[in-house]
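S.K.: Here the protein sequences come in this chain order: A and B. According to the numbering used here, the first sequence holds residues 3 to 690 in order. According to the numbering used here, the second sequence holds residues 891 to 1493 in order.
Please note that the accuracy of each hint is not assured.
As the list claims (entries may be wrong) - Stretch-level coverage of chain A by chain B, calculated; a stretch enters the list once three of its residues show a Cβ under 8 Å from a Cβ in chain B:
#1 61-72
#2 129-142
Stated by the list, open to error - Residues from chain A that face chain B, not an exhaustive set, calculated with beta carbons under 7 Å:
#3 Gly26
#4 Phe30
#5 His32
#6 Ala34
#7 Gln84
Hints in this document: simulated from the structure, not taken from any laboratory. All C-beta atoms in this analysis are idealised placements derived from N, C-alpha and C, irrespective of residue type, glycine included.
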Amino acid sequence: MQRRMQNITAAAIACALGLSGCGGADDFAHPANLPHQANTTIDWRDQVIYQIMVDRFSNGDPTNDINVAPSVPGRYHGGDWQGVIDKLDYLQTLGVTALWISPVVKNTEEDAGFASYHGYWTQDFLRPNAHFGDIAKLRELVDKAHAKGMLVVLDVVTNHMGQLFFYDINGNGQPDDTLFGGGYSHSCLQICDNPGRASECSADEKLYCSKGKDYLERIIEWDPEYDPRGVQGWTSLGFSGPADVRFTDWPKSNRTPPPRPPSWFNWPDDKAWFEDPSWYNRKGRVYVWWHENDYSKEFVRQQETTGDFPGGLKDINTDHPDAKEALIRSFEYWIEVADFDGFRIDTVKHIDRPEIARNVRGFWGDFTDRMRAKAKALGKQNFFIFGEGFDGNDELIGSYTFGGADGKGKFGRFDSMFYFAQKYRGIDTVFGAGAAAAPTKNLECLYNSRTGRNPTDVWCQGQGYAAGPTYQNTPHAASADGGIGLAPSQVMVNFLDNHDLPRFLFEKSNAGVLHAALAFLLTWDGLPCIYYGTEQSFAGGVDPKNREDMWLGNPAQSLKPFATDHDQFKYTAGLIELRKKHSALRRGRVEPKWSTTVAGPRRDAGIFAFERVASDETALVVINASAQPSEACAPTNEGGACVKTSFPGGTVLVDVAPGSDGKTFTVGGDGSVTIAVPAFSGRVLVKR
Amino acid sequence: MVRSYGRRITWFVGTIYAQVSTMLRVSVSSSVTLALGVSLVATVAPMAVGEAVADRGVTVGPTTSPALPPQTVIVPGTPVPATPSVPAPTDPAPTEPSTEPVATPAPVATEPTTPVPPVTDKQGDLAEDLRAVDAADKHTNLTWKRPHEPCGSANTAACPHGGFRGFRFGSYGRVAAATDLRGGTPESVNVVSRGPRIVEPSYLELDLSYGFVTKQHQFIRPIITLAFNEALFHDNGEFKTNSAIRNLYLDAWGKLTQDYNYNVWVGSRMYRGDDVYLFVDWPLDNQNTVGAGAKLQASRWSVASHVGANRLLTPFQFQQIDVANPSQGATTALQLNRQRMVASLTAEAKLLDGGAQGWSAKAKVHGEFASLGAGTRRRDDGTTEELPSDSGVRVGAQVGAWLPASESDPAAFNGFANLFMRYSSGLSAYDDLATPNSFGPDLRTAGRASEITLGFATAANTGFGNAMLAAKARRFVDADVNGSDPDDGWEYAINARPLVKVTTSLFAGADLSYQVRFPRGINPVSQVASDPAVTQIAPMLVFAPMGGGAFDRPQIRLVYRAAHLNQGALDLYVPDDIRHNNSWVHYLGVQAEWWFNASTGSY
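Extracted from the complex, chain A is given alone in its bound form (with noise of 0.2 Å):
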């Protein structure tokens, strides 16, 4: 003791004189130059991701609680990575294995009221946004996860930029909100509707001119509608050509032209940044969405992958080479100075074609491959890339898992996408519908789309499923060469909801429902994905209001912040803990055994039965999406058959779903058994 006081006076008394840095640059390792965890034994099956969004979870620096104003849902409330790293040990607890959190790059601070709290206003890609901590900090939550056994996945935006910069149309050289007679966009004025040039149109874009007397009437200078021909400047004397752009100059709220890279990421100087008006599309806001219908897909799409993210965001020309290498290389930053084990990445759908030219290599060809170089150069393995496609059509979402070829070769794309089809077709429908409730077979006829097995479906063909296989059924690339060995198909990211969409118990209202949905999920093939707060029974409608603040935890339901001790927790964290117990759940292969095809009320009304098959064992089960206690039989009028399964004759299968009544079940000897299950619940039945 008496040495150790010593050398700490010792070390004191050097410090004080100056004789050593006492934890200065030298002594500082900075986040880049920290060691990378290898992953070289992860399989992303065995994951359970939790979706974060750092400014509602939880606030453990008040130091940063820069402009928060926690009552209004549409503004900062103070939540940031130190709150994460403080909450750890709960999120061990409830079980998750990878973190899924929400952008970490400067954004612009508001507009129109609104902040910039979700981080998916990116002002500049290559510094952290300090309302959530530094970059050290940032490494140190990474750190703690893996400490912790749990993989971080960091939510990336290349799409758009937040909104920094306005169509100068009338060119007064402010922005303006309503124009003198604008509106209706150049290309229906001076062409569409123009007798000599209307023959330049197409039929897709005389429509939007024609309806576009409905809802082109007002332009915004922030967020013009979509020109195909770009934004155009325009008086009441007409048109003057291309609209300037112009970046605002608005330091307070980050509205300012992104700034030119520091000297150490060694852009070149004879290079644009993104401050430079061509590295964006300019052709106006997205708007055929609410209308896509009325349109030929290719119109819609063109307008989806050039045009501005609705809210003014402008969209990234990531065909222009320089901004292409410029986003490749911001990214490469992000892996190596925060060591992050994958990226979810926004608005992938908003970029390139491969549903028309799987082998046009685009930007994600680029892109992803780039990133799984670099995590393999720092010494990563399994680099898990994921894109959200907002989109239920399950073919266009699929195309961006397929890889292709070029002249320089073979490139991948994404390792999974967020399901959204699933979200539509299966979980919104399926589960707790009611009396409009969708037939289960939906969940099948799904899987089979992404598997390529309807072909020998009638049913599922008949409702508009894709013969498949809707996504990639290979590896992009192995785990050494910073893939994740799988193929996408085998590791869709599962959800019931997010932080685009209204909470499920929004929409569903009946706890019952939720748990039978969670167990769907954390049974089903795939990575189950948890959006924060489901655990604690949030409810929130639409954006914002389903981004609730963790630490107020859920009144109510008269749960207390992060509270452990109530069902649904329980429940949530027992299905996770069951997931981790049995490999058949995670790695096994799919074998679906009983859905229905009938909506309504039956012996058999929402009823799902699978079986995993690992090599270890497997796992039947059954799940019960309906209101009504069912049973994995045909009614009597139609033969009364029950399912049927792989297991031997004579084996007694107990039920090990969380809360169970630990029922037993012995297999018939043709394989076929009898299994009732409760109303809104699942059934996890493995030998006993």
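Go by the hints and put chain B onto chain A.
M.R.: Quick look at chain B alone, frame taken from chain A:
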């Protein structure tokens, strides 16, 4: 007259004032006695990063305090400070400097007095009383014990009625005319919390007091100090000043018994000990307070204590809100009103008494306790935020030694040295006139923030010239939870100013300094870890007509300063700042600095 004044200064200044304090507050009051006792160096004010900024013209650390106006930053730090939730962004911070702008040694020039017989109980005329008291001081070793004595108790032309009674005017001031040789106005480039002062803004203090002497030999006077910052109409064209009342208190002292003196004061004042002149720093005790204090002095020791408070007009301590008036319309309601209370206790002992010709030495210990009550602040969105109570503690010690100037041989060596050590925690680790710039998760600083300061100052005068040397080391850890934090870390500075006599009143020399910070985190501007450092070389010619001591004033100086900023220091400027690329910064100018009769803040 001038000559002896100068001699006196050599010692007073050198010893006392120099040491003592400096600047503005310092003052003067000093009688030799006092001066002697005081010691010399000064102490560093506890200074959180934010405070550094607050101290206008002095320095600036790498981070800025959200509460301070940007123009106070000399070396700008991180642009967007993490604004704690506590201070509401919409509530403007006070524009006045939160700490005293600059230090000024304020020597007191008095003629040597002639010893007189010890004081008796006999009451006579005031002049006689004063002479008697003064004599008593001299002969009973009380010279060391009279605080705030105006200009000695001598009854001279310069100090009629012993220099105490009646109206007295004093001042500390400095003003400069200079160029940065790039066509702009120069500025200091410090990267530590309180760094070298070779380049500093103009500043003025005006001291007013009126002394009364009672028949019972009690001495009472109100002291008023008006301070003005660098805003000069002829420089900025704005016909206005930024002024503050730095002192407004009633000071009384006298003898309790034959062996003990007392001093009490009530009011608002700078209350501080010895400084480090070269850094404008009080490394042990430096309070800006509204309260009351008392001091008991014996021949070889003294004990002083005070209790004071402040309530800053920041949303951390004070908030008014508009509410509905039940009868009609709106009215203003008080939402937050919490005082920061500070109590201090200081003891000082003379370890060695060399009298007027030998080395003397002293030791001093100082402690403070600060507390802040709980309150509730209202945010812009209408929600409220509970601000918990908080507290802070500071303890420190100082040892000093000094050798007075010889009255018989003005060229003989004299000088002083002071060493300071201080530890502060919680609220006390931050500037007492600013909102802490960081908090723990519970919005408290107690148990989280800390500061360690080590300071050293010395000065020597000889017939060949004079020299000052100062060094400091400071470690600051803020209250937030971040282990990696650019606000945390060590900083060091060393500064020497040797001057060689050229003629009787003309000196040549240089101010040489080096300062460096070792932040324990990444620079949020550059995103890299770096150690900002500044090296300054400033040759100068000094005209000192009132004496050749290091602390003789007035001085007129012709100064050229070249400062080199390493990349870490440059990166404290945002890239858009035109200073970001100037690794060499120049200064060429003339400076004038004076002090006389300034009221001291020392105790």
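S.K.: Give a verdict on every hint.
M.R.: Comparing the hints with the structure gives:
1. 61-72: As far as the region 61-72 of chain A goes, the hint holds, because 12 residues have Cβ atoms under 8 Å from chain B.
2. 129-142: holds (count 8)
3. Gly26: Result: holds, 3 Å to nearest chain B Cβ.
4. Phe30: 4 Å, holds
5. His32: The hint holds - A:His32 has a Cβ within 7 Å of chain B, the shortest such distance being about 5 Å.
6. Ala34: 9 Å, violated
7. Gln84: 6 Å, holds
When the structure is compared with the earlier hints, a violation turns up for hint 6 alone.
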